[in-house]
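**Student:** The lines below spell out each chain.
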Amino acid sequence: MRTLRQPTNKMPNKQFRFPPGYGDNKIVILVRDPWWIYAYWEIRREKEEDVRKKISSDSDEALKWVLRVYDVTDVNFNGKDNAHSSFDIELKGLASSWYINVGSPGRAWLVDIGIVTKKGNFYLLARSNSVRTPRYGMSDKLDAEWAMPEDEYWKMFGLSGGFGVGKGSLEVREMFKKKLEEQITSAQVSSSMSLRRKTE
Amino acid sequence: MPKGYLAIVLHAHLPFIRHPEHEDFLEEDWLFEAITETYIPIIKVFDNLIKDNVDFRITVSISPTLMSMFMDQHLQDKYIRHINKLIELSAKEIERTKSDEAFNRLARMYHEQFLEARRIFTEVYHKDLNNAFKRFQDLGKVEVITCGATHGYFPLMEVERKASVRAQVKVAADLYQKVYGRRPLGIWLPECGYNPGDEEAIKEQGIKYFFVDTHGVLFGNPRPRFGVFNPYLCKNGTAVFGRDMETSKAVWSAVEGYPGDYNYREFYRDIGFDLDFDYIKHYINPDGVRINTGIKYYKITGTGNAKEPYSPENARQTAAFHAGNFMFNREKQVEFLQGQMGDRLPLLVAPYDAELYGHWWYEGPMWLDFLIRKVHYDQQNIKMATPGDYLKMYKKFQVLEPAFSSWGWKGYSEMWLEGSNDWVYRHTHKMAERMVEVANENKSAKGLLRKALNQMARELLLAQSSDWAFIIKTGSHVPYAMERLREHAEHFNELYQEIKENTLDEVYIKECEDKYNIFPDIDYSVYAS
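The listed protein sequences correspond, in order, to chains A and B.
Residue 58 in my numbering sits at position 54 of the first sequence; the count goes up by one each step and never skips.
Residue 153 in my numbering sits at position 139 of the second sequence; the count goes up by one each step and never skips.
Derived by calculation from the structure, the hints in this document are not laboratory data.
Glycine residues also receive a C-beta, built at the ideal position from the N, C-alpha and C atoms.
Every clue listed holds true.
As a list, the in silico PhoX-like pairs of lysine-lysine whose alpha-carbon atoms are at most 25 Å apart:
id	chain 1	residue 1	chain 2	residue 2
1	A	K181	B	K424
2	A	K182	B	K424
3	A	K183	B	K263
4	A	K183	B	K346
5	A	K145	B	K409
6	A	K145	B	K249
7	B	K263	A	K181
8	A	K182	B	K263
9	A	K183	B	K424
DEER-style ranges, computed between Cβ atoms:
id	chain 1	residue 1	chain 2	residue 2	range
10	A	K96	B	D292	52 to 60 Å
11	A	Y26	B	K346	54 to 62 Å
12	A	D78	B	V138	54 to 62 Å
13	A	R21	B	R330	49 to 57 Å
Assemble the whole structure, with the sequences as input and the hints as a guide.
**Tutor:** Here you go:
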């Protein structure tokens, strides 16, 4: 970094570029919404070489890079077999990030990146943090102290969402989904003053 | 005895933009426009209400970046230069339009408004608008609350989350205390972005409440008894308030909202774009880029391009009508909730971006003035309250785990995490990781090292502003946002390297400090574990 900047240079220094990587070997996942998470990663060349050597010494052959997505809701993941379920996403090209459709709100997720071999074995390159997708929909859990009949909850739900009264639960659910799709907020104009100028 | 309470919350925020190295800087104008068109008009409304003895309670969140810009002498002086130019331009406009009464009276109106803005800014509040809000708070009219230090979007701070969120909240609360003389009661989470567990950092700073969007409460666990019409307590005792959709829609909605009324002023017909280049060139950007001056002569008129001259009288009548309509609907709402609320009265929480008022919706401050007066004089069903007031009214609240949510597009994080801007996080995360690393390695640092660590904290916080990802996504002013991210990363990483190699350069640190001088009292150890 130091070489990019001569001490006498006036700031800002136009030479600086975001590095393609930091020499890390890691994968990080983020929540986008109740159904999608985002993963980014960086794998060290030495790590990949080590894994490839291991694959060879096991008389196997690397087939493809995959993201292995685990549902680890309420489990202390042991890295092997105690996840509720898992699925693989095959990586193509030189991807260093991916949007993953996990499809289930309110669940905890963890992602391994690794190599799948001809024999069908998985060799780990890096393991992510774990995140929980947002809970979506009205909770089934009732608080005894504050409990009331089912209809009453839906009434409150509909009123809170600005849908008026007399709507059935299914209808309110649908309206809520639509509301979020169209989210009328401010965040459309919030962050800076003049953004609409060019988008009128 | 009222039947319910109305909590209007105005969230005021602009990113920290300050460029002493340039005489004119396009993006600095955001602050100046907002001062003239939003903050001063709102301050005028509050001042007049106080003068007329109209009681009111309203909540205003002022982001720490905005608070810092209010206090900054360089920006204060630049604002005075800015308003002086507008006064000059509007005087020319009075001359130019003298043969056309419809326009001439508008030119006079603007001229008077600009003179008044300058007077309020310099003479009444001595160039620092925090003085105004502090006065309103001390008089018991406004509950001023804080926001994330640089409006960083908490849900995406996944790496070193605890330290990152703690720093955003602590730096904000400390600045608030310095300026407003006490700990903030509440916090507006940037973009209303809530990630379960972030209430710990809020509680640590002595802050009592925060807000989430409607679904943050409705999807909470266990099932919320009172919808969004009463606050809940997180398990750690911090209160959470949910946004009322119906109240929001009345103002925000592009279709049903008030601001689109044909009598209201048209935002997009500004003389900065409409008049001859030679005439306007001294009042737009020096490089010839046309900008909004704030002088606009037309009303929305209709959906077509043909626009008619603005009539302040008609707009005023419309604003009064809309205020009456808003109040009537709130009365209906609380009446409807009667009998549903057990032992308590409903609270309607209505948060809006402050900059909507006056800047986008020119008549917004006037509407607010009418609304507050009508609520005070014309009815007894609703009463204004702040979240702090409401929390004092009852002893018991249901305990709830709010759901992850934001008030952004689609209700979650997609606005700040999509194809155009997702690359940002690997870099800001790395910065957070390095910040925690050097903070832990250098506890109780002194001298130059301490300065370097503190500056790193500033650069990291500034890089975390949600504004950059937002701008990149919306596609306007993108080069500026990219440059800011790039620059903060450069300063940060250079300082990191120099600390690691023990080659700190005093001149360089000073250059960084001068350029990004926000949070003078920051203490990097907030990042240490």
